[in-house]
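A.B. asks: Residue-level listing of the chains:
There are 2 protein chains.
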Amino acid sequence: MMGGSPVPPRSRRHTIAGNAAEPGRTVLSRAFAVLDSFLDAPVDKTHGEITRASGLAPATVHRLLAELTGWGALERTARGRYRVGLRLWQLGSQAPGGRGLRDLALPFLQDLLQVSNEVVHLVVRDQDRALYLEKLEAHPDVVVTSRVGLRLPMHASGPGKVLLAHAPRGVVEPVLAAGLERRASGTITDPARLREALAEIRRQGFALSRDEMTEGASSVAAPVRGPAGRVVAAISVVVPSRTPNLLPLVPAVRMAAMGVSRALQP
Amino acid sequence: MMGGSPVPPRSRRHTIAGNAAEPGRTVLSRAFAVLDSFLDAPVDKTHGEITRASGLAPATVHRLLAELTGWGALERTARGRYRVGLRLWQLGSQAPGGRGLRDLALPFLQDLLQVSNEVVHLVVRDQDRALYLEKLEAHPDVVVTSRVGLRLPMHASGPGKVLLAHAPRGVVEPVLAAGLERRASGTITDPARLREALAEIRRQGFALSRDEMTEGASSVAAPVRGPAGRVVAAISVVVPSRTPNLLPLVPAVRMAAMGVSRALQP
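Chains as they are written, first to last, in the UniProt record's numbering: chain A, 1 to 266; chain B, 1 to 266.
Please keep in mind that the hints were generated in silico from the structure rather than gathered at the bench.
Copies of one chain are not kept apart here, so a pair can be met inside one copy or by any two copies together.
Quick list of in silico lysine to aspartate or glutamate cross-link-like pairs, EDC-like style, CA-CA up to 20 Å: (1) K135 to D40; (2) K135 to D111; (3) K135 to D103; (4) K135 to E215; (5) K135 to D211.
The whole structure should be built from the sequences, with the hints applied where relevant.
C.D. replies: Now the structure itself:
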């Protein structure tokens with residue numbers, strides 16, 4: 001569903017010829033650069049911050065912000081900052097990739113939330129990152145950094161490792177070669193050890209993580225498979241790391257993932 | 001939250017001066033016109049359908065589609081049609097308006113789903129329409145046309161009437177003057193009767209509907225109030241119209257709406 005038509009990498013985006021003032025960038029590509037500045041750091045931003053993040057001239061950003069705000073892609077806050085607007089939310093909610101999978105998965109995620117009573121995630125691969133499609137929380141004992149729409153590194157979480165374990169070589173090798181950033185005390189930073197972990201995840205059909213993304217948070221994750229058996233998403237439960245044994249959670253997480261996989265069959 | 005910074009009406013959007021080929025339209029405004037064609041009819045579209053909906057020249061649409069697809073705003077399907085892409089979903093999920101309210105409301109919506117076991121909606125006003133922010137379903141006996149991201153007329157549903165009952169005069173009068181389209185056998189099409197219904201909703205603190213939007217579907221809706229007491233959203237439960245008495249559902253719907261209102265307090 002998702003892995004099949006991946007979003008183009010950011011580096012390929014701004015290649016269409018533009019005008020002389022900012023060579024190599026069309027008006028649209030400049031507007032995309034403004035919007036990109038909101039992608040992975042979703043806070044209110046000033047004109048100056050957007051200018052720095054986009055690499056555009058201040059006057060260009062000024063003009064683009066006026067048009068993007070006029071249409072509703074962005075909103076101006078009371079403090080004169082900019083944030084993503086309701087029009088983009090509405091348009092984005094029509095994306096069959098994000099929405100369709102999420103809608104099919106929701107009942108299973110809710111069941112999983114009910115038996116685990118913590119945090120439940122639905123995650124897909126977006127190029128070399130794990131994109132969080134849904135997050136449900138009950139009364140969690142654990143605080144995690146995930147948020148719907150956020151993209152996080154794949155090597156440092158249960159669902160990320162599930163997605164990486166089933167990603168094509170062309171995705172896995174660059175991730176391993178780029179260096180595995182430490183996010184918490186349990187992050188696997190050694191490529192050889194990560195390779196072994198991914199092989200074991202493929203063999204076992206699930207992934208465990210302990211203090212990999214966030215200190216104090218552990219997770220159990222399992223793959224969701226699309227019609228051709230290809231892994232299209234991962235489902236996970238996050239629990240406090242003081243949970244002595246994660247294995248009792250495995251059957252419920254796998255059941256939820258298998259339920260969604262079945263719902264994806266045509 | 002939402003009503004305070006409404007999205008500009010569609011008619012105000014394309015006013016910035018552009019080039020000679022399509023006077024009065026900038027490149028960006030033309031890209032917005034392409035994206036607008038996906039707003040309220042979220043299906044895969046052909047190049048020809050987008051051209052007709054946007055009123056642009058076919059060659060212009062061709063160029064815009066290439067750029068929008070390159071960035072990931074749109075995706076090309078296997079059948080050569082276009083649909084909203086994952087990049088827009090991700091960006092839209094950062095909108096604090098849609099997302100913040102939905103995240104705060106979700107636990108209360110889930111509780112309401114559990115006690116009602118049907119369909120639960122979270123709806124906000126977007127100008128003169130009801131915009132569906134969230135829809136949760138259990139094992140519903142009733143089929144409704146709502147979908148997350150969809151905008152429907154306000155006069156023909158429980159949550160729509162709640163939002164209209166608390167909308168400013170500048171919104172209500174044009175809605176009444178524009179004519180109240182019949183959507184099902186119970187739709188209120190007489191402006192005088194709708195005025196009375198809205199006054200009663202303000203007095204009672206909830207709205208009932210029977211066969212107003214969809215034949216066979218009835219609903220109970222209550223207002224969610226923001227920090228200043230202003231109505232910012234409506235929560236509703238939809239049940240089959242064969243349900244003889246809707247009143248027993250009122251307390252649960254009002255409790256959910258009050259819970260969200262409380263969560264919105266600073």
